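Participant: One letter stands for each residue in the lines below.
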Amino acid sequence: MAKANFETPQLKEYPVIPLIQEGVMAHSKPFTAKAEFQADLGFPGELPENWQEIAINKMGELLGKYRSLQVYLDSCVKCGACTDKCHYFLGTTDPKNMPVARQDLLRNVYRRYFTFAGKYFPKLVGAVDLTKDVLDDWYSYYHQCSQCRRCSVYCPYGIDTAEISMAAREIMDSVSVGQKYCNEIIGKVFKIGNNLGLPKPALADTLEGLEEDVKEDTGVDVRYPLDEKGAEVLLITPSADFFAEPHVDGLIGYGKVFHQAGTSWTLSSYASEAANFGMFIGSYENMRKVALRIREAALDLGVKRIIFGECGHAWRVAYSFLNTLAGPFDFLDPRYPVPQHICEFTYDLIQRGALTLDKSGNDHRRLTYHDSCNVARASRMGDKPGGQFEIPRAIIRACCNHFYDMPADTVREGTFCCGGGGGILTDDLMEVRVKGALPRMEALKSVVEEHGVTHMAAICAICKSQFSKVLPYYGFSMDQIVSVHQLVSDAIVLGDKQ
Amino acid sequence: MSVITIVYTVLMYTATLILVGGVAYRINKYARTPAPLKIPTTPAPTTRGGVVMRLGREVVFFQSLFKSSKWTWLFGWIFHFSLLLILLRHLRYFLNPIPTWVVLIQPFGKYAAFGMVIGLGGLWARRIFVDRVRYISSPSDHLMIVLLLAIALSGLTMTYVAHTDIISLKAFVLGLIRFDWQPLPPDPALLLHLGLVATLMIVFPISKLLHAPGVFFSPTRNQVDNPRERRHLAPWAAQLETSERS
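These protein sequence lines are chains A and B, in that order. Note that our numbering gives residue 1689 to position 219 of the first sequence, counting from 1, and the numbers run on in steps of one. Note that our numbering gives residue 231 to position 190 of the second sequence, counting from 1, and the numbers run on in steps of one.
Next up, chain A with everything else stripped away, as it sits in the complex (with noise of 0.2 Å):
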């Protein structure tokens, strides 16, 4: 990969909301996927000659699935409560990255089909034809939004851009014009069973290879398992868990949770991917193929109840949409949520005093807490709205004696996103990650210059995939970012309970 070419923001005392500048952020395109990942999907792998034709039924299509799309397309009225509300407008000073804007590049299309005022009047209401420039700027914009939802929690009418670049990439991919990033680690997972390709025997190895990690660590024999059948817990976990860092020290931790809980659990090599790309090119039928993977699973092996691991659009995916992609889950135990997060697990035990948790075990580090934006804004934890923002900080607090939160306004519902979600996580979109994490780097920077924090805990694989990428870029070290359950696996004491 070539040394991306482009200046890292600099990081102000106070947020500044910036002056726009036109076309700074045209240039950046993430690599298309190649026709014959495209096939895998279902998508043509070549633009055809009728591409408009094409693309407008397709919107058409989608106008009259969606309820979301046909509501939010006619409702914008720009008021501009969004324009100052994307951490990719804030980091890039682009206006078309404004979620107003970024709709509008495909409200003005629709307007144009679609519309009395388009068809009739478009200058008055700015309604334009599709063109190839105008597909260009769909490719180029609609991969800087990482469908975080921060606009959907400010608009009057919480008309939510996510939807939008859902619904745009869709249509770009049924006429050929695919994601590479996104679109071919898919058809990993429907090939292999992840997002990384990595086969049965690998995931066996590299389990094998963590029960002796902790074994020489901790003098105890934490088990891993993977594919057993009639364990009582299925844990469907990104595979960035399996080796990447800071991930896998909280898979460690997982597990760690589940010997003290003297629960049976087990991974699945079938299933062995939380994340549901399918999700952000905006594809019910992917997702649902993916998801579907999780229930064959969950029926396969036996279990009586599925736990999924820390990632944040996964979480999404798993509490909001599993149900309905891959449901109903009537063979399951009826006493618990099905599915539950890992967060969910360990909250309970600790609230029944299950667990035996050594704050001292992280002294060595002040911690404070990104709230994933899947997790923040698109689902929940427990019982109570909210849930999510608390129940993970009662398992940090728990687990550690320093903790501080970022200013409120880049926390819960109003949090940031690491600038690399929603299949923005690829090397080509270097500089749009960079730029886009402007304003949790200044969020992080005050509490660390505040109350010397040292280290950023996360439940979601692509914002520590992200946060080890990017936080170099601003001064920091790539080893800040850490998973809440490797704080709960530094702090667990394990054994008998004493």
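Calculated from the structure, these hints are not laboratory results. Since the structure is predicted, the reported quantities are computational estimates derived from the model, not experimental observations. A virtual CB, placed ideally from N, CA and C, is assigned to each residue, including glycine. Mixed in with the good hints there might be a few duds.
Within a straight-line C-alpha distance of at most 25 Å, the following computed SDA-like cross-link-like pairs (lysine to any residue) qualify [to be verified]:
#1 Lys1602(A) with Ser179(B)
#2 Lys1593(A) with Ile186(B)
#3 Lys70(B) with Phe1591(A)
#4 Lys1685(A) with Pro1695(A)
#5 Lys1699(A) with Pro1671(A)
If you want the footprint, here are the derived chain A segments under chain B, 3+ residues with CB under 8 Å [what the hints assert, rightly or not]:
#6 1539-1552
#7 1794-1801
Let chain A serve as the given structure and place chain B on it in line with the hints.
Facilitator: The following block gives chain B in isolation, referenced to the frame of chain A:
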């Protein structure tokens, strides 16, 4: 009957038909389009009652807008609340006898037109002076503000500068309702005011004014957060399952 009366009688009927028919068509479209996935912006209410409260807070207090921009919220809320008062005040021209509560709000309703002008003025200023909002504005966005301002100003003219023949106006309006057509007083301010209002009614169902029904159909706001407890399945998604089994 004068040409003016005939033109305005036809115009008012046409505008009403387009407004009611057009909005009904859009609402029907929104209601019939499925929302295949649970996408409430969380934290979200876990009960229907909670959703009613959430939508109520959005519609009455503009809760989300308050979170995002205090100035837009202030001007937007002043404008909408004033408009509501003005609309209610205008019921006195449609109802006979005039209900007591309409009589009671009359003094406030009369001043609300100033609120409407202030609110619209603030919103327009943002559109012109804030570079981000200027960038996203189309000619139609400016024209909509001009239209509403012109309606408010022509109304204010009749209240505070040159009174119109309000008795004859009411006879005209009641005549429209009762299909017993009466002459419209040919007062320029009144003709302008009514013409602009008719324009607004006609434009409503084909413009961004659809945000009014739209907010009630917004899945991020109107969905209950209970996907684990209840399986949510759109008809077209259910068909994917049936076609596999057969």
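Participant: Hint by hint, note whether the structure agrees.
Facilitator: Status of each hint after checking the structure:
In summary, the hint linking Lys1602(A) to Ser179(B) is supported, as the alpha carbons are separated by about 22 Å, within the 25 Å threshold. Proposed proximity of Lys1593(A) and Ile186(B) is supported: the alpha carbons are some 17 Å apart, at most 25 Å. Taking the CA atoms of Lys70(B) and Phe1591(A), the gap is near 23 Å; set against the 25 Å cutoff, the hint holds. Distance check on the hinted pair: Lys1685(A) and Pro1695(A) sit about 15 Å apart at the alpha-carbon level, within 25 Å; holds.
This hinted pair checks out: Lys1699(A) and Pro1671(A) have alpha carbons roughly 17 Å apart, not beyond 25 Å. Remark: the stretch 1539-1552 of chain A is confirmed as covered by chain B, as 12 of its residues place a Cβ nearer than 8 Å to a Cβ of that chain, reaching the required three. Closer than 8 Å: that is the beta-carbon criterion, and the stretch 1794-1801 of chain A has 3 residues meeting it against chain B, so the requirement of 3 holds.
The structure meets every hint from the earlier list without exception.
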